[in-house]
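Assemble the whole structure, with the sequences as input and the hints as a guide.
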Amino acid sequence: MPFSESIAAAMDPTILLMIALATVFGAIIGALPGFSSVMAISLLLPVVYPMDPLMGLLVLGSIYMGAMYGDANAAILLNIPGTASSLPTTFDGFPMTQQGRAKEALLAALAGSVFGGAVGILVLLFTFGALAEFSLRFGPQEYFWLTVLGLTTIAALSEGNMLKGLVGGGLGIAISLIGIDPYWGMPRFTFGQSSLISGVHLIPALLGLFCVAQVLSSLASDERDRPTPEIGAQKDALAKVMKAMGRRWDVLLRSSAIGVVIGMLPGAGGPIASTISYNETRRWDRDSASFGKGRIEGVMASEVANNAMVGGSLIPMMALGIPGNVNAAVILGALMSFGMRPGMNLISDGSGVAMSFMIGLLISSILLAPLGYFLIIRVSTLVLRIPRTYLAPTILVFASVGAYSVTNSMFGVIIMAALGIGGYAFRRIGVEAAPIGLGLILGPIAEREFTSSLLIAQAQGSYLTMVFRPISLVLIALCVLSIATPLFLSLRNKRAARLGGRLSAGGEAGK
Amino acid sequence: MKTMIKSGVLAVAMLGLGVAQAAAEYPERQVTMIVPFGAGGGSDRVARTVDRFWQEQTGESFNFKYQPGAAGAVGTAEISRAKPDGYTVGIVNLPNMVVQPVAGTGTFALDSFDYIGRVNADPIVLMVPETSPYQTLEAFLAAAKDAPGTMTLAITGTMGAAHLAALQMMDGAGVEVTLVPTQGGSNTVARIAGGHVTAGLIGLGLFTSQENGRALAVTAAERSDFTPDVPTFSEKGIPIDLSTARIIVAPEGLPDDVLTHLRETLQSVTESEGFVAASADQGQGAIWQDGAALEQAVMAMEQSTTELLRKYELID
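Protein sequence lines, in the order shown, are assigned to chains A and B. The first sequence begins at 1 in this note's numbering and counts up by one. The second sequence begins at 1001 in this note's numbering and counts up by one.
Simulated from the structure, these hints should not be mistaken for lab results. Heads up, a few of these hints could be off.
Calculated from the model, a selection of chain B residues having no Cβ within reach of chain A, i.e. all distances over 10 Å [said to hold, decoys possible]: (1) P1027; (2) R1029; (3) G1041; (4) A1082; (5) A1109; (6) T1150; (7) L1179; (8) Q1210; (9) E1211; (10) E1222; (11) R1223; (12) P1231; (13) D1281; (14) A1297.
Taking CB as the label site, the calculated pair distances span [said to hold, decoys possible]: (15) B:G1274 with A:A220: 57 to 65 Å; (16) B:Q1030 with A:D250: 54 to 62 Å; (17) A:V379 with B:G1059: 54 to 62 Å; (18) B:T1306 with A:A289: 32 to 40 Å; (19) B:D1281 with A:I414: 50 to 58 Å; (20) A:L473 with B:T1306: 21 to 29 Å; (21) A:N161 with B:K1065: 43 to 51 Å; (22) A:R137 with B:E1138: 26 to 34 Å.
From a predicted model like this one, the values you see are computed outputs, not experimental measurements. Cβ atoms here follow ideal geometry from the backbone N, Cα and C, with glycine treated the same way.
The structure is reproduced here in structure tokens:
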């Protein structure tokens, strides 16, 4: 089937309508903490089987695309990462909301998601297969260094007080150790509790750390100091976002590239993509100290990367049959039950379905713009119209429902409460939730890949393979840069402060 | 105390009534199926396929209850504790269900279930990358024998089917390879396809869903219809008969007629043309095994798994 016919097939009005509905549905699922896109698309599998293959695949793909955008809304408005990948979106998104710039942040997330989503699919469309082989060159060693690179974000997040940042990261990693040991398969740190065997579930933990701790600290603060999350008039929000988009091509392109490449790696996943993208954006920025205090680029970096990941995760799935993540795996299952086989000949098999599927996903990512602008942003900002007195308990109710749904028991809610109270206590002594969350998310991946690398090194009789591999070396260099930059900057600031102090002291003396 | 006795008597009486009624017209309400994993996982998909064809045959559907936790151990324990009235069944997978109590991560005993039947089985294949020098199982094992511990074998997760298959292979062939546990099947395939490990053990369904390497042998008793050219380990003199299987169980002590009813219905569901085709779509062989034979297989597996894990000092 020629290319034009594939386009025509994807532009069919019924298909367009289904893409739009599925994208909105995905965005809603993504915004609700505790409900994952994986759950949504798996549950819809029986519904899509009787459909025409193209429509079925596009429904699943569009939900996936929508969910990767939707999670940003809760992250920005309520400081609740709807999924782990939107954790870095909270870093600057929530401060923006507190400053009355919610609209700007939401639009930045939308614009970033649209851009990243579209670039990811375009890369999938045009380099089909070529990049898939590249993804196979990432072994456990590269995965390990990639995770370390994600963890170095802690250095950047805790500028000025590295020790507290490290304490937070260490704490997160310590919590993540609870559960079944990845090598021996035996429970550890479970204190004999069988409910702890599967570990501390990530989503309830994040809900506790971010949302419960947030609610507690807002309740504890003085009435006057209490942050007022207001939507504000912000008539110039759209103009500001468009300006930022137009000026910061470097952010958009770098974040898209990071999203696509990390999306291609099975088992690496969205949180690593958005975290590294956030960290790199921050590091290359001239005014990196202002990140974490409401920089629009921070929101964009995270959201561009986690939507670019959609296309990325489909690259090895379609070309090699190796899905980049669980969402892609479910779509692979659907693909196969429609009688299609992944591989290089998926494109040339004559049916044109694969081509139309990719074009349909491109449409889904672009449709996000009007759907988000006219519908999702408007609906989600209603949250902020709830009087503050009611907002805190409402958030707690939603968070509890989300935490409950992950384990289907009160255990999830207990995890949430424990980490919420603990997280609040640590926040009081200056250990923030972000480094704890990063340790919690990235710790297990780092441990697993380090163990694998070590086992392989031992078998081969040389530990040099842990470091001396081309991609590893590049990643290690980035890690060093990532740690050194904040150190260097803080030294420079200190010196400037000292110099400044001396100068002003001299000035006073001269008076 | 008096009230307790009273309510106890009442409960027994009601239980008796329940049995009597079950004998008359089981089931008179919807049966709950416990899925010890999250909604949308692999077990859920199989459970829903069973449900679809169960409905087609009997007009009755299941009420699904998801009870994830501890790799399925939480939900499995809950099945064993349910009332054995035929209104609670569950879908669990082998060999995990056997390994968990053996390794101490499961708080249930294998004899606290009534076994209804096995609905599918997915054996495991030994896969090497396209570029691998090993064309046959013999060549692979000979190389492993020459240099103990230097070859690496990716396995998905620890204490799962792939791990047991690896131990059985090492035990049966008298070789030693380094096991590298990975997270998730596609991660394992990527490790193998990228040549980061010498070989790996993955499910047959996963193997046939992509084309990134060769299968040297399969762990089933007989060659699979999906891969007729791949020999079995047993053919090559290493007796391994191990599959990841989904089975339906109920708490121990079902009334006989209820158990018979469930076993017969499940058999005709599993053997129906639609179910076989739907399973094949998911890369699974719909291989029915009756509850009685299944129970024996589970008990034998408990014995052999305990011995194997002890031998490799993975349990005390």
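Quick one: which hint numbers does this structure break? Sort them smallest to largest.
3, 6, 7, 8, 9, 13, 17, 18, 19, 20
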